[in-house]
Amino acid sequence: MDFSIYDFTSFNQGIDKFFFENLTPFWATVVEMTIIGLVFLIFYALVALFLIYAERKVCAFMQNRVGPNRVGPYGFFQLIADFIKLMLKEVIPIKNADKFLFNLAPFIVVIASFMAMAAIPFAKGLHAVDLDIGILYVIAVSSMGVIGILLAGWSSNNKYSLIGAMRSGAMIVSYELSVGLSLITIIILSGTMQFSAIVEGQANGWFIFKGHIPALIAFVIFLISSTAEANRGPFDLAEAESELTAGFHTEYSGIKFALFYMCEYMNMFIVSSIAATVFLGGWMPFHIGGCDGFNHIMDFIPPFIWYLGKTFFLVWVMMWFKWTFPRLRIDQVLTLEWKYLLPINLVNILFMAFIVLMGWHF
Amino acid sequence: MNSFFKYFTDIFNGVKSLLKGMSVTGRYFFSPGSIVTQQYPENRKTLKMFDRFKGEVIMPHNEKNQHHCTGCGICANNCPNGSIEIVQDKIETPDGKKERIIDKHIYHLSMCTFCGLCIKSCPSNALSWGQEFEHAVFDRSKLTKILNKPGSSIIKDITE
Amino acid sequence: MDNATLKERILELVPNAEYQENKQFPTFIIPPDKMHDLALKLKQEADLAFDFLFCLTAVDRIEFFEVVYHLESTQLKHQLELKVRTANRENVAVDTVCDVWRTAEFHEREAYDLMGITFNNHPDLRRIFLDENWKGHPLRKDYVDEVNIIER
Amino acid sequence: MKEVINPPVRNIEDEEYHINIGPQHPSTHGVLRMVVSIQGETVKSLKPHCGYIHRGIEKMCEKDTYQQIIHLTDRMDYLSAHINNHVVCLLVERALEVAVPERVQYIRTIVDELTRIASHQLWWGCFGMDMGGQTCLLYGMRDREKIMDIFEESFGSRLLHSYYTPGGLMGDIHPNFQKRVKEFITYFRKKIHDYDNILTGNVIMQERTKGVGILTKEEAIDYGVTGPIGRASGFSCDVRKYHPYGVYDKVDFKEILGTQGDTFSRYMMRMHEMRESMKILEQLIDNIPAGDYSAKMKAVIKLPAGEYYQRVEAARGELGVYVVSDGNKTPYRMKFRSSSFSNLSALDHMSRGFKIADLIAIGGSLDYVIPDIDR
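Keeping their order, the protein sequence lines are chains A, B, C and D.
Per the working numbering, residue 70 is the first one in the first sequence, and the count goes up by one each step.
Per the working numbering, residue 9 is the first one in the second sequence, and the count goes up by one each step.
Per the working numbering, residue -17 is the first one in the third sequence, and the count goes up by one each step.
Per the working numbering, residue 667 is the first one in the fourth sequence, and the count goes up by one each step.
FYI, nobody ran anything at the bench for these hints, they're computed from the structure.
Covered, in the sense of this in silico footprint (three residues per stretch, anywhere, with C-beta under 8 Å from a C-beta of chain A), are these stretches of chain D:
1. 686 to 695
2. 858 to 870
3. 1015 to 1023
Keep in mind the model is a prediction, meaning the values are calculated, not measured.
Note that beta-carbon positions come from the ideal geometry of N, C-alpha and C, so glycine has one too.
Only chain A is shown next, with the shape it has when bound in the complex (with noise of 0.2 Å):
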């Protein structure tokens, strides 16, 4: 298979070689990173403003409406309005809150997403760092997130913002569970937690697909339990707008709410890429053993389309999860993970790691 003209290796390290023969190695790695900070910075606001739009289309549609359609075609100029809009808001400074955790905790939230994105792999070459332990590291790094939605709702001196915060926390703590759970079944069929070697693995076939029964079933338990690591509904307590009418950015405004406003849906992207990247093969193109005119036609399209085409799709079924389901109760949520969720995952572990011991796996 050839894949050399959407191959950004060689890029790459074109453009390190430039750097590191210019300059010295100190000034070299400085511009770089700021290069690829600022590149991220942009990538960041463009997928969120675009995933901002798409919810709102999405959920339009769903329920017979027509969404945004005054400002720009289609509407499309709607976010770059409430964008300006948050921006020239008023920051609202709460009495009795303690002043630096509040400031810092919607920072917290970004800079969790922000990090994660590191070590996602949009084609092949075209990722920031390629971790041996990529996967341990978004897993480590996502659930950091969950210290900025405390700090929020503990020093808003909010009654409402508490309760939400502390929602928020008895949930990460378990669904961290099993998010790691299932990606660990595909390590074992991966042999690998280095995100460009899981990617490679499915070459000829993605994991869903490889990994017979319990991939599938790692996937579901996945989808469901980076929801709520998402803290999307239905497993959006810590929001909960019927009950807690914000939650925990009840009292956040303007740039503030719009940068927590921006997190929701940069980690919705970040764990549907990480979805993507695991189980559906990250930027490889569908393959069906056999059609090789087909798998040609395949290869044509970009990577990085099919790494967006695949990450969209899921997060446009967790667009589509929120605007069906009645949101569960804190309890609920709960007895869902422990009961139902771990269980499974453990012996959907056994069952992979069975799997794999008998290569029978395809």
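Please build the complex by placing chains B, C and D on the supplied structure of chain A, with the hints as guidance.
Just chains B, C and D now, kept in the frame of chain A:
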């Protein structure tokens, strides 16, 4: 064993019910024909209110700028909110009698609750509903309207 | 139970109750001090079983106030109207019945708020609609509010 | 020497942690304030504070004639405006012993049932939204719009109609009325399956509502809780059955009683009621007799001196009106026994020991309309 079995049927039924719900929203997502939103300012030209729509109280005038209102004040008495005021005028008819006619039929749209008692109680059917519904104004005083047009007179040929 | 037997039964329970003729429901005027006992009996005795208080209100009769209770039995389907008259406009205390029918709790608070009837032994007799420091009781006939009430 | 003061021993169990739900809150459906005393997330007790939109309708009625009162009753329970009009009309007609034309009674019954369906549709949407499924609100609104259009075509307005008048109706129904009601029934019979699929059968919804906010039959009667909420507890309280008005005695419909008295049971009561209402509509819509749309009434209505009480079954329960007349053209005292007011009094009892999320679900299943509570 029974509870073990129940554990799995619970999961199965739960997932089934969730998929059922998702099928509803999914179906609407893929059927843009089911969108019910009206594009209001764009469809202004084609938008027609129902004939009986209670937009505001109007006093129909004929082409000779004449109306039916005698200025009796029954509508003002019947109005629960005092949104109708009648200002009467005294004129002298050609045969020397003094007669009261209407000078101004003042209608406060801002106080009107559209109960229809004025229209129902009017003995000469001088009032009716108008279909205008875009009442937004920048100044509250603009909502006070004088229903009889300037220079209008009463239709004399009431046969009763 | 038909109205005639109901009348006999009530008069048996409260001999000095006054029966009012030609009303929609069998109507009795009960002396204020007997009301609570009667309420208990009305609810508990099997042949009466008035368990549903569907309306409780107060009327300003200029010389006195009248608290009106509308009762129905959900099993026997007979209805009853009881009236309790206060002695005058100043002394307006009536015994509560909210230990008998709990729905009376809110309705009595409403009567207190709008008509100024005080109910003895009520667990939480506060104003329900109006502000805590509102002056006067609006549904009284002698209530004046020059700002909010416009005379036509 | 300094006196040593022992700090008082704090018993966390005894301390009250209050949280204000409302007056502005997404799920109080208006301006109701509930001071909820919680422990963790469990509701210990609840105090409703109402009156934020108390407009003194009872006092205003004392200044208005009986025709004028109609437009005030619209504004109590605005979601079942027709039924509120009906209660005053029935009272006046009974007091004056006016024979209302058959046609009027048929139309009134049909319109009442349409109102009930519309009210329950909106409730279904709001309940779904309280549970967190926001799509429900839009679906409920979408289908309610069909009824609103029927109303608008015939009566000129969508929410506050003032269509009934003592002795009859303001005007005859629109020629299209029957056709459109039939169209609506066929339309809604299909759509109500969506309701079942998306919310009724949903495992999350069932888990959240079953066994939550239980009200036994005795308690329901004790609290004066009527309507679908009372019937969910097994309290057979349908005024349409026991004190029939309109043509309810001529139609065949079931009074469905629940047994559980929990939130899910209340939910199911309303779903059943929508279907029963459609059944009533189907029986009546083709049989509207010809005739006048109003009885002959005097221009000034004076009730004979005395007391009158009239009850109807509004969408939320029993609506009663008590009128003391002194023979004038305005009532001496008018009291509305609104259903939401009595239903609200049971909220404290129902929500104790459940979680905040349950409180919202219970509140949603009570379906209170705040102007109806405050009047």
